[in-house]
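Undergrad: Sequence:
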Amino acid sequence: MPHQSSAPLHRRDGSLAHHRQTIIASAIWLALAGAFLGYSLSSGASPTETLQAAIDLLRTPFGPLIYILIYTLRPLAFFSAVIVTLIGGAIWGPFWGTLFAIIGSNMSATLAYWFGRAFGSGVLPEGKAGALEGMVGRYTRRLQANAFSAILMMRLIYLPYDLVNYLAGFLRIPYRPYLLGSVIGALPGTLTFTLAGASLALDDILAGRFSISVVNPWTLACSAGLFVAGIVIARMLRRKEQQLTTLVVSADSPHASPPTEDSSGTLERIP
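The sequence shown begins at 9 in the numbering used here and counts up one residue at a time.
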C-alpha cells in the first residue's frame with residue numbers, strides 16, 4: 009500500500025484548531041456582550057454608566073483577580089494586550105498596574121502557549137523549519153536551538169505578542185526558558201503602556217470632562233521616553249538580527265565560497 013502524505017492531516021488539524029479558537033472567542037464575546045446588555049437593561053444605566061460600573065468593580069478587593077482573569081483569557085478572545093495594560097495603569101497607577109499587568113500578561117502567555125501546544129501541532133509541524141516562510145521561518149530554528157534568547161529577542165523587538173506565544177507552543181519549545189524569556193523581554197513594553205494608562209484620569213474621561221488635567225504630562229512623558237527608547241533599541245536589535253540571519257543563511261548555503269580578504273583588510277565572501 010503506498011504511503012500517504014501527512015500534509016492533508018496537518019492541514020485538517022490546523023483548520024480544526026482555528027475553528028476551535030474562533031468558537032471560544034465568539035463564546036467569550038457573547039458572554040461579555042450579554043453581561044453588558046443585561047446590566048444596562050436591569051439597572052437602566054447608559055453604556056457610559058455601565059463602563060463606569062465595570063471600572064468600579066475592578067477597584068474592589070476582588071478587582072485585581074478579575075483583571076488578571078480577563079488578561080489571562082484575553083488571547084482566546086483576540087483582544088489587544090495593549091488595551092488591557094492601559095486599563096490596568098489607569099485604574100491602579102504605575103506600581104500596582106504594572107504588577108497586575110505582568111502577572112496577567114504572563115498567565116495569558118502561558119495559556120496561549122499550552123493552547124498552541126495542544127491544538128496547533130498541525131499548523132506548524134516540528135522539523136519543518138526550512139519550509140516555513142516569513143517571520144516564522146526566520147525564528148523557528150532559533151527557537152528550537154536556544155528558546156530563552158530567541159523569546160527574549162522576539163519580545164524586545166515588539167513582534168506580535170500572541171503570535172510569539174502560539175508559535176512557541178506549536179514548536180513545543182521548553183516551557184521554563186520560554187516563560188523566563190517572556191517575563192524579562194515583555195517588561196519594558198508592559199511598563200511603557202502601564203505608565204501611559206496611569207497618565208490618564210479615567211473617571212474624568214468616562215464622565216466627559218475633557219481638559220488639560222485629564223492627562224498627567226510627567227507620567228506621559230516617562231511613557232513616551234520609554235517607548236522611543238524601546239523603538240530605538242528594537243531597530244538596533246532588528247538590524248543585528250538581520251545581519252545574523254544573513255550570516256547563518258550564507259554559512260548554510262552549499263554553494264557558499266570561503267571568504268577572501270580585500271584590500272582594506274576586511275573579509276568578504278565571493279558570490
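Derived by calculation from the structure, the hints in this document are not laboratory data.
Do not take every clue at face value.
[What the hints assert, rightly or not] With a straight-line Cα cutoff of 20 Å, these simulated SDA-like cross-link-like pairs (lysine to any residue) come out:
no. : residue 1 : residue 2
1   : K248      : A237
2   : K248      : R146
3   : K248      : R149
4   : K248      : L160
5   : K248      : A232
6   : K248      : V236
7   : K248      : L167
8   : K248      : I165
9   : K248      : S157
10  : K248      : D170
11  : K248      : I91
12  : K248      : A153
13  : K248      : G145
14  : K248      : F156
15  : K248      : W122
[Claimed, not checked] Okay, the calculated beta carbon distance ranges per label pair:
no. : residue 1 : residue 2 : range
16  : R217      : L45       : 25 to 35 Å
17  : Q60       : Q251      : 48 to 58 Å
18  : L45       : L188      : 22 to 32 Å
19  : N154      : F218      : 42 to 52 Å
20  : N154      : L49       : 52 to 62 Å
21  : R217      : M244      : 39 to 49 Å
22  : R243      : W37       : 34 to 44 Å
23  : W104      : F218      : 36 to 46 Å
24  : R243      : A41       : 12 to 22 Å
25  : M244      : Y47       : 39 to 49 Å
26  : R184      : G42       : 36 to 46 Å
27  : L40       : L195      : 23 to 33 Å
All of these numbers come straight from a predicted model, not from anything done at the bench.
Ideal placement from N, C-alpha and C gives every residue a C-beta, glycine not left out.
Undergrad: Look at each hint and say if it fits the structure.
TA: Tested hints:
no.: 1; hint: K248 to A237; in the structure: holds, 17 Å
no.: 2; hint: K248 to R146; in the structure: holds, 13 Å
no.: 3; hint: K248 to R149; in the structure: holds, 17 Å
no.: 4; hint: K248 to L160; in the structure: holds, 14 Å
no.: 5; hint: K248 to A232; in the structure: violated, 24 Å
no.: 6; hint: K248 to V236; in the structure: holds, 19 Å
no.: 7; hint: K248 to L167; in the structure: holds, 15 Å
no.: 8; hint: K248 to I165; in the structure: holds, 11 Å
no.: 9; hint: K248 to S157; in the structure: holds, 14 Å
no.: 10; hint: K248 to D170; in the structure: violated, 23 Å
no.: 11; hint: K248 to I91; in the structure: violated, 30 Å
no.: 12; hint: K248 to A153; in the structure: holds, 18 Å
no.: 13; hint: K248 to G145; in the structure: holds, 17 Å
no.: 14; hint: K248 to F156; in the structure: holds, 17 Å
no.: 15; hint: K248 to W122; in the structure: violated, 30 Å
no.: 16; hint: R217 to L45: 25 to 35 Å; in the structure: holds, 26 Å
no.: 17; hint: Q60 to Q251: 48 to 58 Å; in the structure: holds, 51 Å
no.: 18; hint: L45 to L188: 22 to 32 Å; in the structure: violated, 42 Å
no.: 19; hint: N154 to F218: 42 to 52 Å; in the structure: holds, 49 Å
no.: 20; hint: N154 to L49: 52 to 62 Å; in the structure: holds, 54 Å
no.: 21; hint: R217 to M244: 39 to 49 Å; in the structure: holds, 42 Å
no.: 22; hint: R243 to W37: 34 to 44 Å; in the structure: holds, 36 Å
no.: 23; hint: W104 to F218: 36 to 46 Å; in the structure: violated, 26 Å
no.: 24; hint: R243 to A41: 12 to 22 Å; in the structure: violated, 40 Å
no.: 25; hint: M244 to Y47: 39 to 49 Å; in the structure: holds, 48 Å
no.: 26; hint: R184 to G42: 36 to 46 Å; in the structure: holds, 39 Å
no.: 27; hint: L40 to L195: 23 to 33 Å; in the structure: holds, 29 Å
In this structure, the hints that do not hold are numbers 5, 10, 11, 15, 18, 23, 24, in rising order.
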